[in-house]
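S.K.: Knowing the structure of chain A, use the given hints to seat chain B on it.
Chains A and B supply the protein sequences, listed in that same order.
Residue numbering for the first sequence follows the working numbering, starting at 1 and increasing by one per position.
Residue numbering for the second sequence follows the working numbering, starting at 1 and increasing by one per position.
If you're looking for bench data, these hints aren't it; they were derived computationally from the structure.
Take the hints with a grain of salt, since some may be wrong.
Claimed, not checked - Listed below are the simulated DSS-like cross-link pairs for lysine-lysine, each with C-alpha atoms no more than 25 Å apart in a straight line: (1) K35/B / K137/A; (2) K134/A / K12/A; (3) K70/B / K89/B; (4) K70/B / K24/B; (5) K24/B / K35/B; (6) K18/B / K134/A; (7) K18/B / K137/A; (8) K80/B / K70/B; (9) K189/A / K134/A.
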Amino acid sequence: MQASIQLPTDPKLQYLLRIGDACLILGQRLGEWCGHAPIVEEDIALSNMALDLIGQARGVLTLAGEQCLQDYDEDQLAFLRDERDYLNPTIVELERGDFAFTVLRNAIVATWLKLLWERLRDTSDAELAAIAGKALKEARYHQQHAADWAVRLGDGTEASRQRCEAALARLWLYTPELFEDDAVDAAAKASGLGPAASELREPWLAEMREILDAATLALPADTAFRSNGKRGVHSEHMGYILSEMQYLQRAFPGGAW
Amino acid sequence: MNDVKNEWPLWEVFVRTKAGLDHKHCGSLHAADPKMALQMARDVYTRRQEGCSVWVVRSDQIVASDPGDKDMLFDPAEDKVYRHPTFYKLPDSVDHM
Numbered sequence: 001m002q003a004s005i006q007l008p009t010d011p012k013l014q015y016l017l018r019i020g021d022a023c024l025i026l027g028q029r030l031g032e033w034c035g036h037a038p039i040v041e042e043d044i045a046l047s048n049m050a051l052d053l054i055g056q057a058r059g060v061l062t063l064a065g066e067q068c069l070q071d072y073d074e075d076q077l078a079f080l081r082d083e084r085d086y087l088n089p090t091i092v093e094l095e096r097g098d099f100a101f102t103v104l105r106n107a108i109v110a111t112w113l114k115l116l117w118e119r120l121r122d123t124s125d126a127e128l129a130a131i132a133g134k135a136l137k138e139a140r141y142h143q144q145h146a147a148d149w150a151v152r153l154g155d156g157t158e159a160s161r162q163r164c165e166a167a168l169a170r171l172w173l174y175t176p177e178l179f180e181d182d183a184v185d186a187a188a189k190a191s192g193l194g195p196a197a198s199e200l201r202e203p204w205l206a207e208m209r210e211i212l213d214a215a216t217l218a219l220p221a222d223t224a225f226r227s228n229g230k231r232g233v234h235s236e237h238m239g240y241i242l243s244e245m246q247y248l249q250r251a252f253p254g255g256a257w
Numbered sequence: 001m002n003d004v005k006n007e008w009p010l011w012e013v014f015v016r017t018k019a020g021l022d023h024k025h026c027g028s029l030h031a032a033d034p035k036m037a038l039q040m041a042r043d044v045y046t047r048r049q050e051g052c053s054v055w056v057v058r059s060d061q062i063v064a065s066d067p068g069d070k071d072m073l074f075d076p077a078e079d080k081v082y083r084h085p086t087f088y089k090l091p092d093s094v095d096h097m
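Next up, chain A with everything else stripped away, as it sits in the complex (with noise of 0.2 Å):
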């Protein structure tokens, strides 16, 4: 059994950590569909995307490994740490849901990462650039694919528009923590490192306004729940997931193939 690693609490690795388990934890959930969409040319385009997010985890883990760590790299980040050092947003770790619960999900948490992938080519650290780059088009791509989705199935027969509007009113309860600032955002924002998570609010907003109105789909009302999944207190999904992840690196430790 390989023991966990452990983190300094350094502002610049937390910030990167947010990004890097968002997408490494949303990638492994779409997995899940490997082998089970409803058909099979769509099954291939969720497990790509799955890949797309694996693939911008790896680099902003590797990133991290390199600069806030000296001895960690990508897979140890990925497979080593408790839950409480994963600090993806909550809404990514929610159980894998039905095709509508998916396709929403993809819906906010691309138009996300796509607003952040463009704010982050102007980041002062010029290797998070090069990855916000190539990430801004995988991002751009998962939105329309979730939007066109959105519009199918939100605008479609009354079984797919009830799904969605119930999938729709239990995402929507997890966004507010996308945009919630604290001392790591003040801290990205004070080296240039990237914008404050608040910053990303308004244009997230007016994307989703726009996917939603074309879906026929309300808006959710706001609420007063509140998610912490960033700072590592997680639902009760996690553990699952992470057993799942963790399983084969904790049971053949450096297990490389």
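M.R.: Just chain B now, kept in the frame of chain A:
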């Protein structure tokens, strides 16, 4: 019969590997409309850097020759080697003709 009618229509997919080359037929897929057909063609047929452009065409829009007419249509060309442009050397700039 109803099941067949409710199926999404079939589309033929053509991919251009790089600028200057022609679009080549590479397969088919089922999709509800043109937009979905293009998206799926991208995801299914260009995953390994196969393309820089994709065409999709409804399969039922393609007019095909009858296999039964094969002898009549194509065999007469067999003994007309003089139609081949093998005696001309192409310049490099038109190499993909």
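S.K.: Now tell me, hint by hint, if it's right for this structure.
M.R.: Hints, one by one, checked against the model:
1. For a cut-off of 25 Å, the pair hint linking K35/B to K137/A stands: about 19 Å separates their Cα positions.
2. This hinted pair checks out: K134/A and K12/A have alpha carbons roughly 21 Å apart, not beyond 25 Å.
3. Between the alpha carbons of K70/B and K89/B the distance comes to roughly 31 Å, so the proposed pair goes past 25 Å and is violated.
4. At roughly 23 Å between alpha-carbon atoms, K70/B and K24/B fall within 25 Å of each other, so this suggested pair holds.
5. Restraint check for K24/B and K35/B: satisfied, since their Cα atoms lie roughly 20 Å apart, inside the 25 Å limit.
6. Among the hinted pairs, K18/B with K134/A is consistent with the structure: their alpha-carbon atoms are about 20 Å apart, no more than 25 Å.
7. Between the alpha carbons of K18/B and K137/A the distance comes to roughly 19 Å, so the proposed pair stays at or under 25 Å and holds.
8. Proximity of K80/B to K70/B is assessed by CA-CA distance (about 17 Å); at most 25 Å being required, the pair is judged to hold.
9. The straight-line distance between the Cα atoms of K189/A and K134/A is roughly 22 Å, inside the 25 Å bound, and the hint therefore holds.
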